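One-letter residues, chain by chain:
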Amino acid sequence: MTLLVAEDLHKAFGPTPALVGAGLSIGAGEIVAIMGPSGSGKSTLLHCLAGILRPDRGTVRYQDVDLGSLSDGKRSELRRTEFGFVFQFGQLVPELTCLENVALPLRLAGLKRRDAESRAVEGLARLEVADVAGKRPGETSGGQGQRVAVARALVTSPKVIFADEPTGALDSLNGERVMTLFLGAVRASGTAVVLVTHEPRVAAYADREVVVRDGRSREVERAG
Amino acid sequence: MSLGHALLGLLERGPGHGYDLKKAYDDRFGQDRPLHYGQVYTTLSRLLRNGLVQEAGVEAGAGPERKRYAITDAGVTDVETWLATPEKPEPYLQNTLYTKVVLALLSGRAAAGVLDSQRAAHLDAMRVLTRRKTDGDLADQLICDYALFHLEADLRWLELTADRLDQLAERIGR
Ligand SMILES: Nc1ncnc2c1ncn2[C@@H]1O[C@H](COP(=O)(O)OP(=O)(O)O)[C@@H](O)[C@H]1O
Ligand SMILES: [Mg+2]
Numbered sequence: 001m002t003l004l005v006a007e008d009l010h011k012a013f014g015p016t017p018a019l020v021g022a023g024l025s026i027g028a029g030e031i032v033a034i035m036g037p038s039g040s041g042k043s044t045l046l047h048c049l050a051g052i053l054r055p056d057r058g059t060v061r062y063q064d065v066d067l068g069s070l071s072d073g074k075r076s077e078l079r080r081t082e083f084g085f086v087f088q089f090g091q092l093v094p095e096l097t098c099l100e101n102v103a104l105p106l107r108l109a110g111l112k113r114r115d116a117e118s119r120a121v122e123g124l125a126r127l128e129v130a131d132v133a134g135k136r137p138g139e140t141s142g143g144q145g146q147r148v149a150v151a152r153a154l155v156t157s158p159k160v161i162f163a164d165e166p167t168g169a170l171d172s173l174n175g176e177r178v179m180t181l182f183l184g185a186v187r188a189s190g191t192a193v194v195l196v197t198h199e200p201r202v203a204a205y206a207d208r209e210v211v212v213r214d215g216r217s218r219e220v221e222r223a224g
Numbered sequence: 001m002s003l004g005h006a007l008l009g010l011l012e013r014g015p016g017h018g019y020d021l022k023k024a025y026d027d028r029f030g031q032d033r034p035l036h037y038g039q040v041y042t043t044l045s046r047l048l049r050n051g052l053v054q055e056a057g058v059e060a061g062a063g064p065e066r067k068r069y070a071i072t073d074a075g076v077t078d079v080e081t082w083l084a085t086p087e088k089p090e091p092y093l094q095n096t097l098y099t100k101v102v103l104a105l106l107s108g109r110a111a112a113g114v115l116d117s118q119r120a121a122h123l124d125a126m127r128v129l130t131r132r133k134t135d136g137d138l139a140d141q142l143i144c145d146y147a148l149f150h151l152e153a154d155l156r157w158l159e160l161t162a163d164r165l166d167q168l169a170e171r172i173g174r
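Chains as they are written, first to last, in UniProt numbering: chain A, 1 to 224; chain B, 1 to 174.
The following block holds chain B by itself, in its conformation from the complex (with noise of 0.2 angstroms):
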């Protein structure tokens, strides 16, 4: 996720301190992991210097925590180009599990244990973000759904694999 594009994004409504910028974030993006004010600063300084927001005041005291800053036509312009963009499909076509998978098989391990141990540790996974799911609001069952969609497809590559781990020991054939 690009930090700067998101700071950039909730500028457009209007202009924000710091501190602003850092509790809207983590109000709607935060979830179990809020930004660090450091993290906040050093990008609001780089998008400074790159023209996409200027300082709109500075309130009595010291510190970067007194400025406001406002986007610029130029940020607006990049907020709107990196909207516009569809990010690269990531197709992890080189992942752990299946070096796993490969290197038990090698080593005469029992690779249907590797795939089971994973199994259930993903499904750990996906009931406690069902529980968050169903107890929270509309935000927290889009990002839980979003992870449980990417886990439900690991889920069925594990099963998938587990049906044809007597081919690819053959094939493999150590």
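Just chain A, same shape as in the assembly (with noise of 0.2 angstroms):
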């Protein structure tokens, strides 16, 4: 089942155009990445995917509902409750502690802090980081950051995740441990991914690849 299709999507920022014709389309469960070189616009792509940014031109459907036809409310609501975002870093609030920060989004939902942190519990527990519930995040390190920001990305449950350059601030071995908890959990959730990464080794963690290149996407054949 398509769970999200863009088409033709046209973006400038000013004189600058980012996409001319990107488009991509993504099933229920599936991961796929998103690579290219820097400035090739992966991540106007997965902005306008996710209804952060809106397109000159083109359209995204989300469950067949045209996000450019949703009002600014609906498609941040949409976002809090069917979408997931993991960035290269700076994505957790400093001041709360990891347990809070990964309860938010259901305290945002309106759950009990209880019952939000609770389900944060086993979400941290499941990325291998219990340790750090009662740490800020300025005292983990960078690889235990993203850990907790993919427990924050699933604990709503939501149908994708976004995820641009999740491993670009780490070294392989961190890299790697984020690749195979968040990996891991998604497959067995079912949640869909959407990768923007220019690492190869990364990109292998998906189920197929995405390749964008000054501004266009390019579906890859797959050989043989």
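These are computed hints drawn from the structure, not numbers from a lab. Remember, predicted model here, so these are calculated numbers, not experimental data.
Not everything, but these chain A residues come out facing chain B in the computed CB check (under 7 angstroms): (1) THR180; (2) PRO200; (3) ARG201; (4) ALA204; (5) TYR205; (6) GLU209.
Each residue gets a CB set at the ideal place from its N, CA and C atoms; glycine is no exception.
Reassemble the complex: the two chains are provided individually, in unrelated frames, and hints are given to aid placement.
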């Protein structure tokens, strides 16, 4: 079943064209890597897919709803309830503990503190960072912080997680740990993932890849 | 890989039959390509001839599989020298991929297509290795990582070359 489809996306920032006819389609539970050189438009494509940016032209449909037809409020509600996000760094609230960070999306969804925190504890354990629950993000290592961020993205049981260079700031060994635990968790829960990365070894965790070059995307032909 | 040195290295733990050695080798290094008995016995008789192993008892019955082998002092020295000598770094300067790209350009074919399909084949191989690594133990991880880093190096070259195709086409000027 197709979950998310984007067609013929165009987006410019002032005179700079970032997307000039990009598209992508992703099925439920599918893990797709978006690859390409830096500046090619990967992040812009991800932001359009997730309804963070409005494309100048083209459509994005999530479960047959055209994101362009939704009000800003409806789109941010969709992001809160159906999507999860992992960025390269800096996504956790520095004043909150890791546990409170993971519980935050559930609190915003109206869950009681105790219920939200007990689910956050499970999430941290699944990503093997239960031991940093009481620490603030600044007191954890880069790899632990990214695992906390993954736990937070997963805690609302989203249908799609958008991950933009989730291992970009980590060394290879920590990057591997994050990818293994992240992918193990999403495969178990059947969550789809849009994974932006320029690293082939990270892209190899996905089911398939889409290459973006100069604002255009291309599904890669399967060889053989 | 030098099979002789690998077998000598395994014999340093104690004497063994050809069968034990084959099994120990396959478990640790065989991966998808287990040794043939023939290879093991040919190698052992060469090591015997060169004085690097000696017979350490023959069990009742006939055939080479009854013999036990032990490493000699000369064999231990040989393993030591082998381990201490770095392998020659292989720069792979003249590779098939480069030849294909140039020939595609020279003949006016789509060189970008050559690079794209190679890229897809490389990533497919990397996905298989990544899955195997995720399901495997530490030995699987190290072996798969070795292959993954090499494939990644190829991929980087493919990407860089894709970005320089126009330049290359001009330079070789048909
Ligand atoms: N907010 C922005 N304002 C101005 N230009 C931007 C903005 N975001 C991206 N761009 C430009 O759009 C192009 C694509 O950027 P981006 O999608 O971030 O690429 P990638 O993620 O592949 O590195 C680049 O030329 C970049 O400089
Ligand atoms: Mg980016």
